Amino acid sequence: MTLDQQAREEARSQIVSAVRDFVQRDVIPTAVRCENDDIYPGELVEQMKDMGLFGITIPEEYGGLGLDFTTFAIIFEELSKGWMSISGPIGTHHIMAEVVAKYGTDEQKQHWLPRMATGDRRGGLALTEPDAGSDVQAMETTAVKDGEEYVLNGSKMFITNAENGNTFLILAKTDRNAEPRHKGITAFLAEKGPGFKVGRHLDKLGYRGLDTCEITFQDFRVPADSIIGGEEGKGFIQIMDGLESGRINVAARAVGVATAALEASLKYAQQRKTFGKPIAQHQAIQLMLADMATKVQASRLLVHDAAAKKDRGERCDLEAGMAKLFASEACGQVTLDAMRIHGGYGYIKEYPLERYYRDAPLMIIGEGTNEIQKLVIARNLLKRYAI
Amino acid sequence: MVVEANLELRTQVLRAVREFVQRDVLPIADRYDNDDIFPHELVVTMKEMGLFGCIVPEEHGGLGLDFTTYAMIIEEICKGWMSVSGILNSHLIMAYTVAMTGTEEQKRHWLPLMASGEKRGGLCLTEPNAGSDVQAIEMTAVREGEEYVINGTKMFVSNGEHGNTFLLLAKTDRDARPPYKGISAFIAEKGPGLEVSRHLDKLGYRGLDTSELVFQDFRVPAENLVGGEEGQGFYAVMSALELGRINVAARSVGVATAAFEAAVKYAQQRKTFGKPIAQHQAIQIMLADMATKVAAARLLTYDAAAKKDRGERCDLEAGMAKLYASEICQQVAMDAMRIHGGYGYIKEFPLERYYRDAPLMIIGEGTNEIQKLVIARNLLKRYAI
Chain W
63 MTLDQQAREE ARSQIVSAVR DFVQRDVIPT AVRCENDDIY PGELVEQMKD
113 MGLFGITIPE EYGGLGLDFT TFAIIFEELS KGWMSISGPI GTHHIMAEVV
163 AKYGTDEQKQ HWLPRMATGD RRGGLALTEP DAGSDVQAME TTAVKDGEEY
213 VLNGSKMFIT NAENGNTFLI LAKTDRNAEP RHKGITAFLA EKGPGFKVGR
263 HLDKLGYRGL DTCEITFQDF RVPADSIIGG EEGKGFIQIM DGLESGRINV
313 AARAVGVATA ALEASLKYAQ QRKTFGKPIA QHQAIQLMLA DMATKVQASR
363 LLVHDAAAKK DRGERCDLEA GMAKLFASEA CGQVTLDAMR IHGGYGYIKE
413 YPLERYYRDA PLMIIGEGTN EIQKLVIARN LLKRYAI
Chain X
4 MVVEANLELR TQVLRAVREF VQRDVLPIAD RYDNDDIFPH ELVVTMKEMG
54 LFGCIVPEEH GGLGLDFTTY AMIIEEICKG WMSVSGILNS HLIMAYTVAM
104 TGTEEQKRHW LPLMASGEKR GGLCLTEPNA GSDVQAIEMT AVREGEEYVI
154 NGTKMFVSNG EHGNTFLLLA KTDRDARPPY KGISAFIAEK GPGLEVSRHL
204 DKLGYRGLDT SELVFQDFRV PAENLVGGEE GQGFYAVMSA LELGRINVAA
254 RSVGVATAAF EAAVKYAQQR KTFGKPIAQH QAIQIMLADM ATKVAAARLL
304 TYDAAAKKDR GERCDLEAGM AKLYASEICQ QVAMDAMRIH GGYGYIKEFP
354 LERYYRDAPL MIIGEGTNEI QKLVIARNLL KRYAI
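Protein chains in written order, with the numbering used here: chain W, 63 to 449; chain X, 4 to 388.
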């Protein structure tokens with residue numbers, strides 16, 4: 063092991079053990095208190111700022127922790143073992159920061175990254191619209207240049223951190239007639255201001271406590287220098303690249319939730335008795351536990367494989383897509399199986415199982431539905447195996 | 004001629020139920036589900052419609068419908084809101100148990116009251132430490148003169164708060180071997196010594212009261228011992244649970260149908276990449292799978308009901324119907340959510356309710372693991388070498 067590797071391992075194990083303590087001590091009790099009533103866990107967010115979790119992958123020179131994507135994935139897994147929603151404040155936030163770090167001008171990096179790393183400026187992506195989800199290029203938000211500013215109009219849907227965040231990476235069309243369409247899409251990094259209206263707070267099945275809203279732009283003005291990289295028409299490519307780490311993040315969340323469900327089941331199955339013995343002694347339950355654990359383990363390895371590839375500086379669309387697809391589907395199955403093992407107790411709110419079951423579809427549907435993942439995976443495979 | 008008359012009655016009843024669902028159930032479902040409000044007004048209408056006695060024989064004041072029609076009624080109700088079917092299910096299992104194993108006096112006294120809904124409730128079977136393993140129940144019934152004194156706790160009792168009459172399983176002989184021979188069934192009206200100790204806050208199946216009931220020196224008249232004989236309770240209820248499995252299978256078909264129908268409509272409205280998503284193969288393949296599963300589940304349910312209508316035991320068929328229909332219901336609800344994308348995940352659409360309701364059918368009325376064991380046991384009997 064090189065010194066560099068050794069240092070990395072050490073940094074990883076330190077932060078992971080701090081996150082684990084945080085989850086046990088603060089996150090789980092808060093989840094029980096806040097989740098059902100959809101209450102925002104503001105105090106946890108402050109603690110996460112103190113821990114540096116808003117700058118996990120932001121380079122150290124800009125005030126971040128400068129950790130690799132493997133560590134990033136492990137942190138998301140640990141947080142989601144406690145409460146998946148708590149990974150939301152730092153999820154799209156990191157995609158935003160990654161896009162700035164990778165494509166921003168030097169001034170943009172120097173201005174934004176240190177503020178994002180502390181969580182002083184935090185938020186996420188404003189990408190999806192009411193009529194444009196998987197089909198990002200169908201977006202209708204427009205940005206029209208007016209002197210040294212751009213004027214934004216349109217609406218965005220399912221925006222994470224919309225209420226509590228202050229800074230967003232907004233995709234808008236600077237050229238509605240561009241062909242192909244993506245060449246007309248530009249990314250702006252902007253703070254909230256007049257004309258940035260946070261609309262409906264969406265009442266969700268799961269992922270509760272975390273604010274997901276509709277946003278409307280009504281003549282919302284942003285300085286011309288808020289275009290990432292300073293050039294129009296690059297937004298689509300910039301963001302698509304950043305979504306790789308979004309998929310790793312979501313896959314890691316799925317691993318965390320599935321692990322929590324599996325661990326609860328392993329415990330409960332040894333406590334609950336039927337027909338004179340703990341249900342863990344019945345083959346029916348053993349088969350289920352074995353399947354669950356195998357799925358969780360395979361999910362985790364796929365996530366780490368994608369993260370490792372990204373750590374080597376390579377593109378990992380295929381691997382991140384596979385990880386997101388497999389881990390989220392496995393999470394859906396494992397959370398349901400955990401509910402089966404808990405019987406009627408799995409169906410009531412005194413146990414966390416029903417929360418895991420409600421959280422699971424977020425990972426299946428969010429960050430590009432699994433149907434889109436499959437198409438991305440297939441496209442990559444066909445490229446790789448082109449005849 | 005009899006068959007024709009039945010078919011006409013079936014058509015009439017189903018039309019009335021469909022209207023009821025459209026007019027009364029659907030408009031309140033989302034709000035009542037979210038706030039966990041019991042739909043008292045629906046109960047009034049269901050009484051007027053005779054639904055509390057839909058399978059109770061006509062001579063005892065019921066509609067005397069067959070089980071196939073019953074399954075269809077439950078399916079229609081669940082296309083609107085699954086919780087409403089819970090008001091009928093265990094109530095009718097109770098009535099069916101009385102009709103099949105009660106004494107003549109018990110039938111004459113209780114069945115008309117149950118058919119009208121004046122006396123309504125359900126089963127007190129499951130306990131905190133005895134679910135799938137029914138024989139492990141700990142509730143005791145001790146005879147004292149002309150009464151039995153009941154002590155113990157029942158869990159997950161549907162209609163526990165708002166019902167007034169329950170079929171109770173308790174041990175009259177704790178030392179009986181095998182244990183089921185010590186289990187007796189009683190008809191119990193609420194009274195002193197019966198306390199609703201907890202309202203359970205559930206993932207789905209909301210609005211319908213599911214409770215924990217505590218019995219402390221609760222007294223029932225000895226004449227309420229179903230069939231008049233101790234030790235018969237386990238078999239009386241176990242054979243009636245066939246009906247419960249048909250009910251739960253029909254619920255699954257109803258919820259899955261609602262989810263599929265929402266998805267097939269939405270897929271024609273929502274556009275991506277320049278066309279309705281229904282024109283993408285990825286969505287078409289999903290829709291085809293969903294519809295095929297729903298059709299198969301419906302046929303399994305009707306097959307089990309038809310067998311019961313012929314007066315045969317249908318453990319195997321009812322078990323298969325419950326197992327398959329509940330599993331595909333969860334899958335179809337999930338797939339419908341996929342098709343709706345982010346909109347499937349928010350409470351402005353009913354998809355998330357279908358997804359929350361689905362596991363009830365997987366876990367309730369005997370978990371699917373238990374169904375599989377019942378199915379296997381029946382198969383091994385049939386194919387014994």
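Among these hints, one or two may not hold up.
Partial list, computed: chain X residues near chain W (C-beta under 10 Å) [claimed, not checked]:
#1 348
#2 351
#3 376
Hints were generated in silico from the structure; no laboratory data involved.
The model shown is predicted, which means the values in this text are computed figures rather than measured ones.
The beta carbon of each residue, even a glycine, is placed where N, CA and C say it ideally should be.
Here's how the hints hold up against the structure:
1. 348: holds (5 Å)
2. 351: holds (8 Å)
3. 376: Hint on residue 376 of chain X: holds, closest Cβ of chain W at ~7 Å, below 10 Å.
Checked against the numbered hints given earlier, the structure satisfies every one of them.
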